[in-house]
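Asker: So the chains spell out like this:
2 protein chains.
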Amino acid sequence: MDKDTLKPSVNFPKVVIIGGGFGGIQLTKSLKHKEVSILMLDRHNYHTFQPLLYQVATGGLEADSIAFPLRKIFKGQKNFLFRNADVETIVPERKVIVTSVGEYAYDYLVIATGSDSNYFGSKDLEHFTMPMKTIPESLNLRSMILQNLEESLVEKDPTNKAALLNFVIAGGGPTGVEMAGSIAELKKHVLKKDYPELDINTLNIYLVEGSPEVLGPMSKKSQLGAKEFLEEMGVTVLLNTRVTSYDGEKLVLSTNQEIYTKNVLWSAGVRGVMPDGIPMDKFVRGGRVKVDEYNRVDGYTDIFAIGDVAAMSTDGYQNGHPGVAPVAMQQGRLLSKNLIRLLNKEPLVPFKYKDKGSMATIGRNKAVVDIGKIHFQGIFAWFVWMFVHLMSLVGYRNRIIVLVNWVWSYFSYDRGSRLIIRPFNRESMTEKTDNK
Amino acid sequence: MDKDTLKPSVNFPKVVIIGGGFGGIQLTKSLKHKEVSILMLDRHNYHTFQPLLYQVATGGLEADSIAFPLRKIFKGQKNFLFRNADVETIVPERKVIVTSVGEYAYDYLVIATGSDSNYFGSKDLEHFTMPMKTIPESLNLRSMILQNLEESLVEKDPTNKAALLNFVIAGGGPTGVEMAGSIAELKKHVLKKDYPELDINTLNIYLVEGSPEVLGPMSKKSQLGAKEFLEEMGVTVLLNTRVTSYDGEKLVLSTNQEIYTKNVLWSAGVRGVMPDGIPMDKFVRGGRVKVDEYNRVDGYTDIFAIGDVAAMSTDGYQNGHPGVAPVAMQQGRLLSKNLIRLLNKEPLVPFKYKDKGSMATIGRNKAVVDIGKIHFQGIFAWFVWMFVHLMSLVGYRNRIIVLVNWVWSYFSYDRGSRLIIRPFNRESMTEKTDNK
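Protein chains in written order, with full-length UniProt numbering: chain A, 1 to 436; chain B, 1 to 436.
For the record, the hints were derived by calculation from the structure and aren't laboratory data. Heads up, a few of these hints could be off.
Claimed, not checked - Stretch-level coverage of chain A by chain B, calculated; a stretch enters the list once three of its residues show a Cβ under 8 Å from a Cβ in chain B:
#1 44–53
#2 64–74
#3 184–196
#4 403–411
Just so it is clear, CB atoms sit at the ideal spot from N, CA and C, and this is done for glycine as well.
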């Protein structure tokens, strides 16, 4: 606090929000005009629209069009301040947080830190596979894919050449399915023309999923529909199969199948991201923190957690709610009301998730949508998917740019952003670790 | 050549082009349908539209919209092959070049490698100032500016705080003028709203130029007009002044003035970029290589140089032509014809530069244009500048995206891309050096 020129609005209770994701943003917006003093901290100076990261990774969109400056979102909101910082420790006894730019006191603390890739303890998988939870990670993935294609042209050893052209996606959730489909389209429409000297049939795409179906939480129809779409597009879908080991070249599956590959995307699991300071016994599986029906962290009255990092076992979800944007946003909106109720000494309202449906896109004219008991798929589902995602983007400029790119790609079968802006270098690892 | 699957068109003479800038692209395009086998090498897989790098650095444009995949430019050109590689050495005796991905033989070699920042031997300036010749460098600059602004908010020491808010641009050529103007507009229209807790008047912008005027090669009217525009916008223009030393914090000028600053952009000089293998005595000042009126490198009949890296002293330009895109493009176009003449044993045609004029933009509605003896400035000049730059961009998608961004910025007074995608870290220096 010493070096900081921060001047919170006098006398208003200090609400400190860690994280500018879907939950933190909704909470902050809903607290506009309220008599609180908000401080938001994030390690990035922008909000990331995670559902479209796979399009950045596969050259369909610029990184800048799915990110939005956090300061800009709350421009003119008088009770809001932002600090671009890493939060290191929460000190509940002193009601402060320790960050990379100093200490900040709170009256109410909201942890909205989201989730990161979960390698289930495997150092090899963490080191050798590519995650895709942030914009820098997506750009690394884009660079790696394009670099390996370039390298395949000058590689004579057949095993190494095959490894450069085999793509394995571990995890058949929405991210894995969308990524597999997107690489299949890149192969069909772009790479064939870009690399005339490459036999495009030597490029293989595998989607590996441990459970008996892709898109776990969706309807049976969507699961089967997505699998069919993927197979039509030339993706090899391996169900009931897990990655057993990977050393950067040889990937071994639980079926004992071996794949030589230099391109492994890890989307097989996530875990909550959390600063130090909350005792270990407050956490459940997947690094999520136990919260009650008001999103209060177990054992505290002034610390809350919302979104991916929170595990609420009331409300009919024994293992916590799904890690999706609508949950985080609905929890953020309710928490803004509950914080005001708390200040007014009124009783709190418990959280009740309103599931509006789920969807995934596999490729051009190919998507699956579940809304309640209703299922549909194909071209109409694809347009619904695009409309919903376009409208969910923060900022009009971003919506226009994304729309222009989509329309362009639809008619030209092209992807505009297949540039290796920053070469990816696994050996130095700086790219991978510097950007968290 | 051993590992490479390269199969050049049988029997056609091998034309190897190093560099996919304005010159290399024009040459390759003009050789379409000719009976030559072209191999282009570039360390990036994309062409960079350098005149708009300053807009990437100041958050006005996405990097992807001013870059274009090289493979895509020549899609379908049967006599073209591309390799993404660094060229290390030219071996004229064996008629091969040695690259990071192997050796390639040539019948005719064209060096179109362009220019890089020139620090005139100062290691300090090279280490502590920021260059802006490539897309990664522009993104570093953007990150640094935004990081220093964030840091200034939590900095209490007044000297350090001032250093974070002082911006010095060394060199008053087009790049320096455009950058100074762009930061001034960022200050006025964006930062004031983004950082309500910052006293925006403490942010100072200096443009330092060694000669008696900015925009050296332009008309007196343009020089004075640009200076007036800059001063109107709050930029301190220091003429007849050079940077004497800079240690990362204290900048000393030739007038003995000292400025504490952490933001120094270096645009005070360029030098030719050249692989090893051409003898030292073939070079002139600024690292350019001597060429004759046919762009043949002095002493060779099969090695050519075009664009920034070439110094042609015929054609009325004693110190070589100006380092601008039209020179490179005109030389590329003529060389394509001369190569065919050479193959047909016809006499070559000497190069004659057709100067179509020059222009620079300072800010919204503020530009200067010289066409022959005609000078105009202001809003019409600004629209001319925009039109010419838009039309010069490679690719329709890029033009649409840039236009959308410009229209958006014009009406909203906003910049869409003020994101710190990759934090800049001078200490590790990986970001600065890895991307060359």
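Asker: State for each hint whether it applies.
Answerer: Now the hints, each set against the structure:
{"no.": "1", "hint": "44–53", "in the structure": "holds (count 3)"}
{"no.": "2", "hint": "64–74", "in the structure": "holds (count 6)"}
{"no.": "3", "hint": "184–196", "in the structure": "holds (count 3)"}
{"no.": "4", "hint": "403–411", "in the structure": "holds (count 3)"}
Every hint from the earlier list agrees with this structure, and none is contradicted.
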